[in-house]
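Visitor: Below are the chains, spelled out letter by letter.
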Amino acid sequence: MRREIHQNLVKRNGHGGQNGHAMPELPPFAQRPAPHRPEKEFPLETVLADDGSADLSRLHLPAERLVSLYRLMVLNRLLDERMIQLQRQGRIGFYIGSIGEEATVLGAAAAMADQDWIFPCYREHGAALLRGLPLQRFLCDLLGNSGDLMLGHQMPCHEAFAAGRFASISSPIATQIPQAVGAGWAARIKGDDMVPLVYFGEGATSANDFHTGLNFAGVRKVPVVFVCRNNGWAISVPRERQTAAVTFAEKALGYGMRGERVDGNDLLAVYEATRLARARAHAGEGPTLIECVTYRMEGHSTSDDPRAYRAPELVEPWRKKDPILRLKAHLAWRGLLSEADDAALREQAQAEILAAMREAEALPPKPPLESLFQGVYAEPLWQQREQLEELRAAVDADPRAARLREEG
Amino acid sequence: MPTMNVIQAVNDALRTEMRRDANVVVLGEDVGRFGGVFRATQGLHDEFGADRVIDTPLAEGGIIGTAVGMALYGLRPVPEIQFADFIFPAMDQLVNEVAKYRYRSGGQYACPMVIRSPYGGGIRGGHYHSQSPEAHFIHTAGLKVVVPSNPYDAKGLLISAIRDPDPVLFFEPKRVYRAAKGEVPEGEYEIPLGQARVTREGSQITVIAWGAMWHEADQAVREAAEAGLDCELLDLRSLQPLDVDAIERSVRKTGRAVIVHEAPRTCGFGAELSALIQERCFLSLEAPITRVTGFDTPFPYTLEAEYLPRAPRILRALREVAAF
Numbered sequence: 001m002r003r004e005i006h007q008n009l010v011k012r013n014g015h016g017g018q019n020g021h022a023m024p025e026l027p028p029f030a031q032r033p034a035p036h037r038p039e040k041e042f043p044l045e046t047v048l049a050d051d052g053s054a055d056l057s058r059l060h061l062p063a064e065r066l067v068s069l070y071r072l073m074v075l076n077r078l079l080d081e082r083m084i085q086l087q088r089q090g091r092i093g094f095y096i097g098s099i100g101e102e103a104t105v106l107g108a109a110a111a112m113a114d115q116d117w118i119f120p121c122y123r124e125h126g127a128a129l130l131r132g133l134p135l136q137r138f139l140c141d142l143l144g145n146s147g148d149l150m151l152g153h154q155m156p157c158h159e160a161f162a163a164g165r166f167a168s169i170s171s172p173i174a175t176q177i178p179q180a181v182g183a184g185w186a187a188r189i190k191g192d193d194m195v196p197l198v199y200f201g202e203g204a205t206s207a208n209d210f211h212t213g214l215n216f217a218g219v220r221k222v223p224v225v226f227v228c229r230n231n232g233w234a235i236s237v238p239r240e241r242q243t244a245a246v247t248f249a250e251k252a253l254g255y256g257m258r259g260e261r262v263d264g265n266d267l268l269a270v271y272e273a274t275r276l277a278r279a280r281a282h283a284g285e286g287p288t289l290i291e292c293v294t295y296r297m298e299g300h301s302t303s304d305d306p307r308a309y310r311a312p313e314l315v316e317p318w319r320k321k322d323p324i325l326r327l328k329a330h331l332a333w334r335g336l337l338s339e340a341d342d343a344a345l346r347e348q349a350q351a352e353i354l355a356a357m358r359e360a361e362a363l364p365p366k367p368p369l370e371s372l373f374q375g376v377y378a379e380p381l382w383q384q385r386e387q388l389e390e391l392r393a394a395v396d397a398d399p400r401a402a403r404l405r406e407e408g
Numbered sequence: 001m002p003t004m005n006v007i008q009a010v011n012d013a014l015r016t017e018m019r020r021d022a023n024v025v026v027l028g029e030d031v032g033r034f035g036g037v038f039r040a041t042q043g044l045h046d047e048f049g050a051d052r053v054i055d056t057p058l059a060e061g062g063i064i065g066t067a068v069g070m071a072l073y074g075l076r077p078v079p080e081i082q083f084a085d086f087i088f089p090a091m092d093q094l095v096n097e098v099a100k101y102r103y104r105s106g107g108q109y110a111c112p113m114v115i116r117s118p119y120g121g122g123i124r125g126g127h128y129h130s131q132s133p134e135a136h137f138i139h140t141a142g143l144k145v146v147v148p149s150n151p152y153d154a155k156g157l158l159i160s161a162i163r164d165p166d167p168v169l170f171f172e173p174k175r176v177y178r179a180a181k182g183e184v185p186e187g188e189y190e191i192p193l194g195q196a197r198v199t200r201e202g203s204q205i206t207v208i209a210w211g212a213m214w215h216e217a218d219q220a221v222r223e224a225a226e227a228g229l230d231c232e233l234l235d236l237r238s239l240q241p242l243d244v245d246a247i248e249r250s251v252r253k254t255g256r257a258v259i260v261h262e263a264p265r266t267c268g269f270g271a272e273l274s275a276l277i278q279e280r281c282f283l284s285l286e287a288p289i290t291r292v293t294g295f296d297t298p299f300p301y302t303l304e305a306e307y308l309p310r311a312p313r314i315l316r317a318l319r320e321v322a323a324f
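So the sequences go chain by chain: U and W.
First residue of the first sequence: 1, per the UniProt record's numbering; consecutive thereafter.
First residue of the second sequence: 1, per the UniProt record's numbering; consecutive thereafter.
Note that these hints are calculated values from the structure, not bench results.
Computed from a predicted structure; not experimentally measured.
Not one of these hints is a red herring.
Example chain U residues on the side facing chain W (calculated, C-beta under 7 Å, incomplete):
1) 149
2) 151
3) 170
4) 172
5) 181
6) 182
7) 189
8) 208
9) 216
10) 375
11) 376
Cβ pair distances, simulated, as ranges:
12) W/43 / U/365: 54 to 64 Å
13) U/403 / W/296: 32 to 42 Å
14) U/319 / W/296: 50 to 60 Å
15) W/33 / U/402: 55 to 65 Å
16) U/206 / W/33: 26 to 36 Å
17) W/188 / U/81: 50 to 60 Å
18) U/221 / W/297: 44 to 54 Å
The beta-carbon is built from N, C-alpha and C at its ideal position, and this holds for glycine as well.
The whole structure should be built from the sequences, with the hints applied where relevant.
Guide: Okay, here's the thing in structure tokens:
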């Protein structure tokens, strides 16, 4: 039936496959050059040189802001290291860090306006902290305890922070991409100056929602910034097994949008590319796909050991490209940060993490029983009211009903 | 009061809500200038413009995913899925995103939208233009599911669904899209979700149906009356929230229940209704709860009259239940 309707439409509109577009004059088929050379057309844009120097005329970040972003990168790193430890000690159930990818996460988020929404993948808690998520609240999410903003409904690292316009995280890959497009589209309909930023890994570019999201955005020139965190690995699968394309940036061409490929370990390059993409989106020039080339230094999450699928020598060259070391060298080059400053801010960050953890762990370990049914619907249905009573009675009668294991 | 069919009533509800609330937008395949393949959005593009009546690229997952972002940002999207059979590419967005968004954010966000989709058989559409997928969505906590059977209910329920704070799947009975006509008030009125309607009072058997199957059940109940069987007929209208009180009240009175739906029997919504009735009305029951449903096959092309629970099959079940 759908086909018949389609055929009728085509008949009515009086054209076939070409959709009325005039095709440009091209040389005969056999003599045509290859359509494009991605490695040339999408060069890796870098601002920060290895010695920490940079062309300051390309910087649109005030020195003070740069130092505060450095501080946040350090906090993010120390937090990830500490939480991986805590997971190994059994104090939190799961963790998914961003070690090595801090410049991509924070550089992109910092380049957006305050009113812009962020649609995270699941490695961007740094961006949530940038948006004001209190560290203690983030740790409550990891614990799933009574202080958790998500009421214990989500596993660790699946935070949402509406006050910071930081959307909710889901585990299925790429679902946030069309959602970000919808938010940008809605803002345009409402006449608001709001450009969403959406993060996803390079593995997500294989998923349906990457295609539909970019296609919808391209067709309608929706104001949105797509940031592909190409960290080289989707759990155990290397980027070569996600795509036969030379770059991820070139995929933008197929959607009629601009593609950029930047050094994802260079906070300044990520910031600059995102800032320009935001400005274009705001000016009505449509979306941009930014590929940030970075590297996942640890496992995908605490649930996998990368030594099972990745040779350690692959990781080594990236240690020298550590985004924190590179920004530190730059700050030193500009005289904005001394070794003593660095040591002090690290110490302060460690103390902050410890204090927040103490506060979080002091809270009751479980949210109340009724939170199980809270927020499924705006108001609970009769089934849920009955089920809550059933559960209460069961737990009252035998407290083992509230424990996963006998000893727990 | 004007007389309308179901499509006109849906169209009228959309127009009414779009005039009332600038945040209501319609999106989907062919819903714009063309007005939808069933004409449910006819004229909306002209009145409200291309920003609010949006022709999307052909991707159901993209339609629902985009609608999620719109809903989060404060619009009230009403996406159309051209046939309920085509909803499955959007399953991940519906089950893992739309349904869970409020819950997974601890109530920080809400994702209200109404997904309209024509469902059901009897139009010689084969198994890709005939399915009744309501059970998938009733089984997904966080979603509401509404199925009107007539124009009056279609308009009032759709208006309520658009104003509802939760996401609603609104399945429209395409078999009676044009055939079911009736008086529909002008302007706005709401029929609350979760209220069944007793369309015929009776004392011997409770018959439960919704959507297009209400019409078959109605015919069966009339024929049964001629044969001396006094049946009560319930049109559920809303499957989630469910008016379990109306069911309980009726079955306690009649002691017998026959459930009619066109989706396959196994794990169809009839199974849930049957369980609820035996849990709540066990001591009132005089006969086994009986289901008259589609069969456990894909929806057939040639034998669709045989597949659908048409009035003769329902009547046969009524006689058996009465004679038990």
